[in-house]
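Chains as they are written, first to last, in the UniProt record's numbering: chain A, 1 to 319; chain B, 1 to 319; chain C, 1 to 319; chain D, 1 to 319; chain E, 1 to 319; chain F, 1 to 319.
By construction, these hints were calculated from the structure, which means they are not laboratory data.
Quick caveat: nothing in here was measured; it's all calculated off a predicted structure.
Just so you know, nobody snuck in bad clues.
On the chain B side, residues computed to face chain A include the following (Cβ under 7 Å):
id, residue
1, G19
2, E98
3, R100
Glycine residues also receive a C-beta, built at the ideal position from the N, C-alpha and C atoms.
There are 6 protein chains.
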Amino acid sequence: MTDLVTFGETMLRLSPPQGTRLETTAEFDVRVGGAESNVAVAGASLGLDSVWLSKLPRSPLGRRVVSELRAHGVRTGVAWDDGDDARLGTYYLEHGGEPRGTNVIYDRADSAVTTVSTEELPLGVLDDATAFHTTGITPALSDAAAETTRAVLERASAAGATTSFDLNYRSKLWSHAEARETLTALFDHVDALFVAKRDAEAVLEREGEAVEVAHGLATDFGFETVVITRGDRGALALHGGEVFEQPVYEADTLDAIGTGDAFVGGFLAKRCAGGDVDAALEWGAATASLKRTISGDLAVVTPTEVERVVAEGEGGISR
Amino acid sequence: MTDLVTFGETMLRLSPPQGTRLETTAEFDVRVGGAESNVAVAGASLGLDSVWLSKLPRSPLGRRVVSELRAHGVRTGVAWDDGDDARLGTYYLEHGGEPRGTNVIYDRADSAVTTVSTEELPLGVLDDATAFHTTGITPALSDAAAETTRAVLERASAAGATTSFDLNYRSKLWSHAEARETLTALFDHVDALFVAKRDAEAVLEREGEAVEVAHGLATDFGFETVVITRGDRGALALHGGEVFEQPVYEADTLDAIGTGDAFVGGFLAKRCAGGDVDAALEWGAATASLKRTISGDLAVVTPTEVERVVAEGEGGISR
Amino acid sequence: MTDLVTFGETMLRLSPPQGTRLETTAEFDVRVGGAESNVAVAGASLGLDSVWLSKLPRSPLGRRVVSELRAHGVRTGVAWDDGDDARLGTYYLEHGGEPRGTNVIYDRADSAVTTVSTEELPLGVLDDATAFHTTGITPALSDAAAETTRAVLERASAAGATTSFDLNYRSKLWSHAEARETLTALFDHVDALFVAKRDAEAVLEREGEAVEVAHGLATDFGFETVVITRGDRGALALHGGEVFEQPVYEADTLDAIGTGDAFVGGFLAKRCAGGDVDAALEWGAATASLKRTISGDLAVVTPTEVERVVAEGEGGISR
Amino acid sequence: MTDLVTFGETMLRLSPPQGTRLETTAEFDVRVGGAESNVAVAGASLGLDSVWLSKLPRSPLGRRVVSELRAHGVRTGVAWDDGDDARLGTYYLEHGGEPRGTNVIYDRADSAVTTVSTEELPLGVLDDATAFHTTGITPALSDAAAETTRAVLERASAAGATTSFDLNYRSKLWSHAEARETLTALFDHVDALFVAKRDAEAVLEREGEAVEVAHGLATDFGFETVVITRGDRGALALHGGEVFEQPVYEADTLDAIGTGDAFVGGFLAKRCAGGDVDAALEWGAATASLKRTISGDLAVVTPTEVERVVAEGEGGISR
Amino acid sequence: MTDLVTFGETMLRLSPPQGTRLETTAEFDVRVGGAESNVAVAGASLGLDSVWLSKLPRSPLGRRVVSELRAHGVRTGVAWDDGDDARLGTYYLEHGGEPRGTNVIYDRADSAVTTVSTEELPLGVLDDATAFHTTGITPALSDAAAETTRAVLERASAAGATTSFDLNYRSKLWSHAEARETLTALFDHVDALFVAKRDAEAVLEREGEAVEVAHGLATDFGFETVVITRGDRGALALHGGEVFEQPVYEADTLDAIGTGDAFVGGFLAKRCAGGDVDAALEWGAATASLKRTISGDLAVVTPTEVERVVAEGEGGISR
Amino acid sequence: MTDLVTFGETMLRLSPPQGTRLETTAEFDVRVGGAESNVAVAGASLGLDSVWLSKLPRSPLGRRVVSELRAHGVRTGVAWDDGDDARLGTYYLEHGGEPRGTNVIYDRADSAVTTVSTEELPLGVLDDATAFHTTGITPALSDAAAETTRAVLERASAAGATTSFDLNYRSKLWSHAEARETLTALFDHVDALFVAKRDAEAVLEREGEAVEVAHGLATDFGFETVVITRGDRGALALHGGEVFEQPVYEADTLDAIGTGDAFVGGFLAKRCAGGDVDAALEWGAATASLKRTISGDLAVVTPTEVERVVAEGEGGISR
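Excised from the complex, chain A in its bound form (with noise of 0.2 Å):
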């Protein structure tokens, strides 16, 4: 029996260390990330046991990928590209506090996960699988990624799962029109919507209240779930007609990156635990801002450090 199932691209994430610039570094710290894999992290960290399909070079650096997630927990199940010029998609990562911001470089084009089909992922892992998530940067990487993005979470729909999907724009790779048009195509098969609030505005054209963007989006497409994040104003969900709130904990950010993921990861882990959706609104929100104090893209935190934040809504010291 498993628990999760996400579907998406990894990357190579390479920073240079606190105070340096990407012009000048000397050295990267070497981490990995993608949006479904932090989801599948998130998810093993909290007790899921959790599967990530994708499509990688197979090199050190592919393996690099695979490591890396097996670390955490995370079960692979990967299409391995033996093409000479099979590459991994890496993205660079400079953390700049303000009012220098943080930069994200991609360099994902062509990336081996773009020529992705159903035949070469081990979709039976779907069969007897609780829940399947995917996001919308998978149908932005090629046409493949889209056609099998499509296909996947249609049979991921077929076998019985729970099927979510952060639609998560990424500018960097489409319009909002091709984001839309693409998107809303796929979202017969979803059952739960993950969205920005400016997401839902930019690419799905919804104005109003984070309320009436849920009733209307949940209308219009048949969400059986459908949860609005909005930054520091923390998460509305919609779910059996009924609205939930949730405010973000307060945290040390070390780093950012990934903190969406996290509020998935542990909202699923509830859910998949059996929970109702506002305890999930609370382990996601828990599970981001622990995340906030960790470097890297990934929620390495345990159902216990979650349920503290739930409780108490912070750590102290311990001895």
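Keeping the supplied structure of chain A fixed, place chains B, C, D, E and F upon it in accordance with the hints.
Just chains B, C, D, E and F now, with coordinates in the frame of chain A:
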């Protein structure tokens, strides 16, 4: 002439880089720490001739402890354990920030100091010591350590040293009731008690405002001085019937571990130098605030720095 | 279907930078190491579906072990010790070069695995395992560990796995006589014995040339295969009455720890894949030589690399 | 055509890791810094063709300085000192946070630049320079440096460059009275003066509000432009009888050293590009705020980043 | 007056710490490397006014390349690619030691330089250049790069520069036959050819001793100078009908990458300074041996060091 | 009772990582080193109660020196220089390997010790010292240092200590003739001379075999002991008319700096412990060979390690 003698366990302190979890770290920062040697280092940094007494395995790890304490000017009076199984206590420290908090994992069972006896310690150093200090951690380690603590306190007191004791309750070592029974039996030989407000409540079962607690303890156990610490709300001392209040100096906290020991070290440094209790409280608070800006348990500070904090409360740039 | 199951203790491995002494180091490189998990990692790197069985404290340090083994593709079957005092064995490693030598300090007494019992291990994995491997370190840890080793060997043997055993005498754990008595009592359930020539002499009291020792051991204990290792002089195997010799492949040695385990892992990988004993010896020797170029206990190598060493004996630059 | 020429001393900058004290550090971060080369680097980063003039020992350490300045696009006009005793100035920098503060220890006595003469500098570069800049640190180094500063200012002025001067009083180099006497004698050849409010008070003996000070200095010394900086309260410029005010942009400060030089560099970059004084103040303030997020003395920023801060005041995440 | 102009691709070079594998590394050392810029850096280090021509993405990564080359004194003539998808070539380098070998993984497809054209390069710099150098890597990158290589060689030749060409066959970029066809078509405009003996055999189909190969190539293609390199067996030059032999200088090799480029840079430095071919061979061999002791592709050496190696062959301790 | 007192300058030692040049390094390893404190540390490591006398600036850098020496068990008798310009000598060390060699750059002019006088040193420690040691570096630093060296030697000798002197010629400090004149004038108060064969030739103008040189020096200056060191060819001692030869122990050399001082420290440790000259030579050679495996100037070794090298010549792995 020796100014300050302390007695207790010092452990290897292993901590991953900021933002990295123990689960996945590839490196540890290596330091040493222990309440009593922390006090000795703060004292030595501030000009005291300080001696630390303990028992260590005769191994590179035991020498690691001595090396670091000596670097900070502390003389060491060590009983070397030649046993094959002699081990050094270790503690793992993960700084998390909020809401993750700070996690301390002790691996100190059966460390060399748990078999310490008065015979193997160079107690002659007490004969001309101005002050002796130990804490409530040492008697919690083993029956032998408790018995030796009692004997050393007795000898220090008989030799004319001013004895001080920091209650320092450690829930991972014993219960409130065990601590209360063992520690109060030692108070006969203690001139000055340092105790956190919450430990006074939980361990010594004292309720009410800090000033009442101080009066009660002074009355019940005959302490010459009682210092109550209250975290952000500062410290309060009762001495010769007079009450002194001391707020904390604000600090950019990089590492809070050892703050309390720095407070005691600063306090004792001023007292040993003939300062009044109110000046000693200022030194304690200033040393503690400086400690918070320094990685590791140890308050590596100068009298000039402490005096500047007392006078100005901040640092600035000098050039 | 599982290819290889191993059982034994894995410790945290802490080592200072090259040229720095334990007495004075300010940082440790953090890895994990243990003979049986080293073998499992080598096997997994070379394509085996490997499982490692053991007992660990339920703590970030216990998870540190699992994380690193999983990263290398090993599945873990862990009995988690929830005790407050449950501890992870640790070893400190200082690489010295000549004439300083390599210094290993163990701090493994009372580690979680010393209380391991068959009930708490997921032994079902043995039911369809091709091979089972353990070493003479495990029974040296405690009576419980010795008893469990015996029981697991018995069960593996009964389930039809080929069982192998690396004698691996550790002088810091027990005497030659104690080792001899305990280990020989296990040999009934062992199909293949790996033993260093010097251990065969000192522990098993075998004299003479390696080939004689091999014949003697095979005769006396009924081993199907005996592999004698002789450091720089290579290895010798006796199998089915036939003797095979294997020289070492030269290597630029960066870290010699784990070389023997890499040899066993390479040997078993080839055997599990259906290779002959002479080909297995080549794989063992090649894996061992590659390991020497890699920091840490673990042989992170590929079948392609092993085959290239077997074919050419060296690397060069490929671009 | 050269945009900006600066003249002054650049030192090796050695700083321990955050949280570590100079007393005990085992490593230094190695950079170079000096007010005039800091300005040149900020200018070059923002698009100016910048040249830095100085004298250095002909040694790897002298080349270390040139290497880092060149990396940031500054051309160097160096008089190489072949003397056996020629030395590079060094400064040790310990970042403390509050209340420890930042400690700077100079070791710059008798550095190569203290013997600099006009004959050995490639002053031809001034002939087509738009701007020339130096500071009140250079003439404090030695009589020769003071005399050369005067001569270079004179030549730059005669060649038609706009000359600017940052008073930059250093109490470790000379007294207020010495500085006043030497610096005011240079003002004849200065078109634009940058001065901190507190230096205007202490060195130039000017009292009153910043605007009065600016008017007084402009009147007494005939400056075309006077810029008064007031720390957190922002800057004020008097130019052509008009007064311009500029608040600071908030920043997450990682390293405050070099902030003032970044301000000057940003200001001059905009002025050399033909910008008005108010736009130049914005560029100065934005460059200074970006600098605070970067380790080291140098403002490695782009015009795009400066413009975004001017427009929005913050960074965010772009992806 | 420019001494040396080179043209080609420079990549980001990412390598894990010694003993760590790409599969598992948590950090990369970050450098830049490319045959033609390596030659320019060696030349600049040895006193040449060197210029490197290429095309880079207008991004922090593109600036990273320029920053490092400038640091070593090379002037850069860069066509900046403003395209959204403009990318910098990357190469991953794992130093293994024997028998693991050195592993290079290129990720350079579609890098900015593959679209380079003569129009966007500042070729005016060739007009007063003493020497021009490029390699057989550049034309292998794309048709555009091959065509531009031809045009730049032609222009350099027409402007009177001595042109040199290092054959540098890369099997990961093209076949022997493709290389032969493209490269021999360029030889018309080449005065001096550098070629490894094995490339002369495989690509140019030349058999026999090095001296015969050199004569054959000089005759067939009209080269003024032919330099054949033979790894450990040293180099041989044919110039003006005369043959010169040069053995290698022994070195403690820390990083062999870039050794061949250092040889060419040392050779050209001596030739541009008016040295004879035999002296140039000595400089080439000495520069190459010094390079082997330095991490990274670049030969950061001084003329004094090269001369000392030529004179004495070794270093010693000077103090 | 003090075993060994030494007197001389100790400097900050700054070195870039292996393979990195001073020209471009971004970090320094920070240690302290000086011939006389190196000897004191070797002595203390081997069990002597050692004291080092010198003068240091009263600054964090001065305390850095004291901190490291204390860490290794040396007591320090320091005259603190309160002058604003008081500076600590510094030396930059680049390890190159062959043929690059090791490069040492001193920046020690006008360091605090150059003004040292006997009045400010705590010379009372000499009154019960077994041995006193200094080197030919100290008198080369300044006239004051030379005069103080003479006076301290005289006092040590008068107090009954055995005095030893390592000639240690430094060409960067003075000429052969200057050294000869100053040093020979000190020999009246020296019991044991250590001198490298090449210094005996160049400075003391002694020709012939080592044994002749030793006899000549003993005769001419009345030394009780003469030890001649000859690099790889080992050492020779003349004592009481008897000649002793000692070969070197082979070592994997990581850092050769301080080898000679380790030799002296090992020699003196054995002599102070009552050992014969031949045993002292063994200890000297063994300590020197162990030092070569350790980064930094200091021989952090144990008597057990030295004895094992003397007995076996190598290390191996112990576990």
